[in-house]
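Turn these sequences into a full structure, and let the hints guide you.
Taken in order, these protein sequences are the chains called A and B. Heads up: the first sequence at position 39 corresponds to 39 in the working numbering, and the numbers run straight through without jumps. Heads up: the second sequence at position 407 corresponds to 527 in the working numbering, and the numbers run straight through without jumps.
Hint data in this document are derived by calculation from the structure and do not stem from the laboratory. None of the values given here were measured: they were computed from a predicted structure. Honestly, I wouldn't trust all of these hints.
As the list claims (entries may be wrong) - The calculated lysine-lysine pairs, modelled on DSS-like cross-linking and capped at a C-alpha distance of 25 angstroms, are: (1) K149/B with K26/A; (2) K545/B with K556/B; (3) K273/B with K30/A; (4) K175/B with K148/B; (5) K563/B with K108/A; (6) K273/B with K26/A; (7) K30/A with K228/B; (8) K560/B with K545/B; (9) K148/B with K228/B; (10) K26/A with K114/A; (11) K114/A with K62/A; (12) K108/A with K26/A; (13) K145/B with K175/B; (14) K273/B with K25/A; (15) K114/A with K273/B; (16) K149/B with K228/B; (17) K281/B with K114/A; (18) K148/B with K563/B; (19) K148/B with K108/A; (20) K228/B with K175/B; (21) K114/A with K25/A; (22) K228/B with K145/B; (23) K25/A with K281/B; (24) K108/A with K25/A; (25) K30/A with K114/A.
As the list claims (entries may be wrong) - Derived, one-sided and incomplete: chain A residues facing chain B with beta-carbon distance under 10 angstroms: (26) A28; (27) N43; (28) A73; (29) D75; (30) R102; (31) R106.
Just so it is clear, CB atoms sit at the ideal spot from N, CA and C, and this is done for glycine as well.
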Amino acid sequence: MNNMPLAYGLAMILFAVGLYGVVCKKNAVKIIISLLIMTNAVNLFILLIGYRSGGIAPIMDKGQEASEFASMAVDPLAQAIVITSIVIGLSIVALMIAIAIRLYDRYKTFDTSKMKDLKG
Amino acid sequence: MNTLPLFILIPVGAAFALSTFDVLKNDKKRILVANITAALACLSLTVLAIAHLGKTGVFEMGGRSIPIGIALVLDGFSAPVLAVTGLVSLICAVFSFSYMDMYSGREKFFSLFLLMVAGMNGIVLTSDIFNLYVFMELAAVSSFALVAYGTMKEELEAAFKYLVLSGVATTFILTGIALTYGHTRNLSMVFIYNALSSGSAGPGIYLAAGFLIVGFGIKAALIPFHAWLPDAHPAAPAPVSAMLSGVLIKTAGIYAMVRILFMLFAADLAVASMLLRTLGTVSLMVGVLLALGQWDFKRLLAYHSVSQMGYIALAFGVATPLGIVAGLFHLLNHSVFKSLLFLNSGALFYRTSTRDLRDMGGLNAVMPVTGYTSMVASLSIAGMPPFNGFWSKLLIIIAAIQGGYLWLALWAVLGSVLTLASFAKVQRYAFLGELKEGLKKIKEVPLPMTLSMVFLAVLCAVMGILLIPGIRAVVLDGAADVLLNPAAYIRIATGGIL
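Okay, structure coming up:
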């Protein structure tokens, strides 16, 4: 049975959930978590684009024909992209958390609606 | 020897070298060494980029040809942007020599600064859309840290807002890139051009373009995606604001957006150009209207950045050869006069410790260099002859009329008049009139700061020469060729093979 459309739909729902959190939540930590959900939804989406039903891991065995391998394995490029994207996402989240902690030091709260030094 | 990788190797190498300098215990010596390293790195980038104007070239990273490897491609669109990035970063680095005395950790500042430059050079040079995303994040992460550099309430809040919106932008961009990859099974711009330049764009491409426009729209701060910019740019230290407004929103925003949209819709530009025109016109009007009511000097400048980005998007959206030349020319000019204005605001803050125009007045008497250079920059941004802003706005309006968009030309003229009004206010309140009592004792800013402002003011006055036919052919005309003609780009990016 082919579950691919369902999986794409789930990735998109996850993306929408993350976007909702970023836009609507007031707590800095919840915003960070929502952004993480969004990033992970995109990563999932990229993996799905490279996936084929019943594909094998893209590691070539000894003695395997290149053409036979190419017809069976999932797309390795998508996986390479996801690894890069996870690493970049990690650095951004680390920076966000660092700034959120400094914000907490100054305001004694994570509530972004109480951080009102800047207007609109 | 192929010199293209140097555009990334020099700033990255210098940035990592700088981060080891805190072994020097002597503060004075450490600052001096950091200053010299940063200035030399930026100077070499500038010289290298200017030497590359009008040239084309390709460098295959790791010696593997596309699509296996990733290629850096220099063409008529990237060369001028590379030159102005180098130039503005050099001037901002020189300005920082004195300005950053207010802050500590000089070597860390320059380290982040150079990483940002490396990211921007990478965005401009790369011919691989995922690689573009990576360089964009390199530039973005260092710019987040630079905005938060002061670690006061305001800086942190602005940096957090910038981080969240920029994070959303990059997820949208990554989704757009993934959709493009899913559609064409390739990440190299050459192969995407090959796949898309015949036949009409399918629904997958429209979806990808939608995600990419939202993503790059946030990065370029086009209305309605502009909310972060008026917070983030004023909060940063002045030389960083000058870099962000002067080059970062252009390379990571409008340059990447134009490059990718023109690639996705290579077969038929109608939809892409219509979107760019609409976004551009809305931004240029709303941006300038929001700017009129501002009293914070840097915030006013930030809203003008939104407005001027609108001009650039409008010009590219006309999508005729003249429109693209006008857009590129205005991009270069805006880099120069907007960074000059931000440096002026930095100079004022350095001496008066305020950014509120109502607290200033008559500063021409005590800070003549800052006063007169800001006059030059104000006249440039308002489009007064003979300064550079006049020529590029004229070119944009001519291109819009020739393209048959009379109404858009009219909006552009109206926007320009409003820009003049808002800068008349700046001049009136900050520099002209009676000198206020509390301001009598202040002096002109130190030499590195005046030097960099004067240099930019001279550039404002003379950049009109880029329109002289022989110079225009070398610097500006190549962009129209590579953007409107996929075959030209493919020929450059494959070095004539294929």
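Checked against the structure, which of the hints given earlier come out wrong? The structure conflicts with hints 1, 4, 5, 7, 11, 13, 19, 20, 28, although it agrees with all the remaining ones.
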